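Please put together the full structure from these sequences, using the hints given.
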Amino acid sequence: MDALSMDARSKAAGTGEIVYRHTLPVRLTHWINVLCLAILLMSGLQIFNAHTSLYLGNRSDPAHEVLSMRAVQKPDGKYAGQTTIGSVTFDTTGVLGLSKGANGRWEAVGFPSWITLPSYRDLATGRRWHFFFAWLFVLNGFAYLTYALVSGHLRRDLAPTGRQLKNIGHDVVEHLKLKFPKGEDAKRYNVLQKLAYLAVILALLPLVVLSGMTMSPALDAAFPFLVDFFGGRQSARTVHFLCATGIVLFVFVHVFMVLISGVWNNMRSMITGRYRIEPAE
Amino acid sequence: MEFNSKLSRRGFLTRLSAAGGALLLGGCDQLSQSPAFRDILGKAEGVTQRVQRFVLSQRSLAKEFSESDLSAHFKANGSLNVDDPTYQAQVPLGFSNWRLKIDGLVARPTELSLDELRRLPSRTQITRHDCVEGWSAIGKWKGAQMTPLLQSVGLKPEARYLVFHCADMLAPGARYYESIDLIDAFHPQTILAYDMNDAALSVPHGAPLRLRVERQLGYKHAKYVMRIEAVSSMVGIGGGKGGFWEDRGYEWYAGI
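Chains H and R, in that order, give the protein sequences. Residue numbers are given in numbering that gives the first Met the number 0: position 235 of the first sequence equals residue 234, and the series is strictly consecutive. Residue numbers are given in numbering that gives the first Met the number 0: position 112 of the second sequence equals residue 111, and the series is strictly consecutive.
These are calculated hints, taken from the structure and not from any lab test. Among the clues, some could well be false.
As the list claims (entries may be wrong) - Non-contacting residues of chain H with respect to chain R, defined by C-beta distances greater than 12 Å in every case (computed):
#	residue
1	Tyr19
2	Val25
3	Ile46
4	Tyr54
5	Lys73
6	Trp105
7	Thr124
8	Arg155
9	Lys176
10	Leu201
11	Ile246
12	Arg273
Unchecked claim - Stretches of chain H that chain R covers, calculated by requiring three or more beta carbons in the stretch to come under 8 Å of a beta carbon on chain R:
#	stretch
13	107 to 121
14	156 to 166
Bear in mind the structure is a predicted one, so any value in this text is a computation, not a measurement. Think of the CB as a built atom: it goes at the ideal place given N, C-alpha and C, for glycine as much as any other residue.
See the structure below:
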């Protein structure tokens with residue numbers, strides 16, 4: 000079937016050409032990653048709740064918190080949840096510092112029960128979840144990176160071309176108008192997609208692993224440069240928290256894009272690999 | 000009309016996702032409490048221990064800091080005092096009648112006074128103390144080195160762990176205890192600390208003696224150490240998991 004008749008047929012059916020977009024290793028590692036990141040985030044917030052402050056350097060000096068959450072009693076006797084970032088304090092009652100637990104009762108806790116794993120306070124179990132899925136996440140990440148390098152996925156699908164980089168301004172404008180590529184251009188990732196994925200795969204996710212490792216007193220003895228790289232164990236804890244925040248922001252944008260650029264088509268392509276190309280006008 | 004139906008659909012979807020989320024969380028909580036599932040999650044500890052021991056050599060030292068790095072306030076955690084008349088009687092005497100007992104699988108069971116411990120080969124180190132809760136503090140520790148002490152009492156070949164029996168009860172009826180294996184016992188930075196920040200160890204920090212095992216988390220650093228027992232297994236000691244917190248679900252290997 001030549002391209003012309005394919006095009007004519009798809010136009011007639013109103014469906015568009017179907018391409019094989021995601022290979023099995025990409026789909027598999029993607030969904031394992033979804034599971035790992037969800038559990039790592041929720042168990043990570045359970046661990047954070049054991050000490051709801053962040054610092055820079057090696058020590059946790061109470062006077063030098065860069066972020067902290069707490070419950071305070073106000074002059075009228077009522078309690079409020081407060082979050083301080085730098086020197087600015089926000090009232091975060093109901094969400095951070097003070098929130099309703101699973102039983103409906105107010106509790107003084109950093110992140111609320113509905114987003115932590117387990118939902119009740121249990122640091123030991125939170126750590127079990129976290130480290131089990133941290134290993135799965137790291138092994139999955141290595142499997143993906145090895146595949147991406149060996150198969151050419153990284154070079155072929157993710158590295159932006161010179162032409163794409165030159166036209167980045169145009170892409171930004173089109174994205175802001177929520178207009179997405181069609182036809183030939185839709186067969187590969189656009190430049191913003193490529194840069195976002197590369198930043199996550201090569202910077203954010205490795206950084207979250209390395210900053211997590213730096214919180215380990217044993218690994219700090221084995222690899223002293225880790226602590227120096229982050230500027231101290233407490234800095235590493237702060238970076239770990241920021242990376243997690245970055246991942247959450249990425250996921251929000253990613254899921255939003257999936258929803259508005261053809262949710263069923265996108266979901267099908269990440270499950271079966273097949274993606275329908277909307278014909279160019 | 001259409002507006003209304005959209006609203007209710009949105010309401011329905013919100014309720015559905017809330018119910019789905021609650022179900023998922025409830026499911027995770029149930030898994031968290033299932034002994035079989037906890038055991039599966041716990042397998043990660045063995046992997047972590049093997050990998051960390053592989054990348055750590057016996058000579059890998061925890062970083063040592065300088066005096067200017069010391070924490071102005073070093074938080075005391077866990078037990079802050081010991082509710083025991085024999086212990087309390089020793090506090091005003093500076094623990095002069097107190098004895099550390101070393102027994103179990105050793106060739107020469109020994110009792111040592113604080114003065115005798117102070118005369119043993121010592122080591123001074125300024126290190127970072129990392130609590131499992133997430134905070135860190137830097138303190139200066141001076142104590143008897145474990146290696147020459149163990150050589151003098153002579154470990155029997157079947158000895159695999161050292162159990163540190165403590166004076167404090169952190170839960171009703173549950174005396175604190177901890178254990179380390181011989182790799183950590185013979186590490187050069189493993190000491191029985193009697194001084195902290197150039198003063199005799201205070202009661203909140205574990206007077207008269209606390210363990211420093213610098214490449215592991217804070218709860219391994221047993222305070223109020225009364226007796227060191229060399230054993231071949233943890234069976235029959237406390238809850239059998241090798242420590243007070245280990246009996247309550249925490250990792251025995253606390254390298255991370």
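Hints, verified against the model:
Distance check on Tyr19/H: its Cβ is at least 32 Å (rounded) from any Cβ of chain R, clearing the 12 Å threshold; non-interface status holds. For Val25/H, the shortest C-beta to C-beta distance to chain R comes to about 25 Å, beyond the 12 Å cut-off, and the non-interface label holds. Not every CB of chain R lies more than 12 Å from the CB of Ile46/H, the least distance being 7 Å, so the non-interface label is violated. Residue placement check: Tyr54/H does not keep its beta carbon more than 12 Å from all beta carbons of chain R (closest about 8 Å).
For Lys73/H, the condition that its CB be more than 12 Å from all CB atoms of chain R holds, with the nearest at approximately 27 Å. No beta-carbon of chain R comes within 12 Å of the beta-carbon of Trp105/H; the shortest separation is about 19 Å. In this structure Thr124/H is not separated from chain R by more than 12 Å, as the shortest Cβ-Cβ distance comes to only about 5 Å. Even its closest Cβ contact with chain R, about 33 Å, leaves Arg155/H beyond 12 Å, as expected for a residue assigned away from the interface.
With a minimum CB-CB distance of about 25 Å to chain R, Lys176/H clears the 12 Å threshold, and the non-interface call stands. With a minimum CB-CB distance of about 23 Å to chain R, Leu201/H clears the 12 Å threshold, and the non-interface call stands. For Ile246/H, the non-interface assignment is confirmed: its Cβ lies about 19 Å from the closest Cβ of chain R, beyond the 12 Å cut-off. At roughly 27 Å from the closest C-beta of chain R, the C-beta of Arg273/H stays outside 12 Å, upholding its exclusion from the interface.
Judged by the Cβ-Cβ criterion of 8 Å, the stretch 107 to 121 of chain H is covered by chain R as claimed, because 6 of its residues qualify and three suffice. Proximity of the stretch 156 to 166 of chain H to chain R, defined as three or more residues with a beta carbon under 8 Å from a beta carbon of that chain, is not established by the 0 residues found.
Hints 3, 4, 7, 14 from the list above are not met by this structure, while the remaining hints are.
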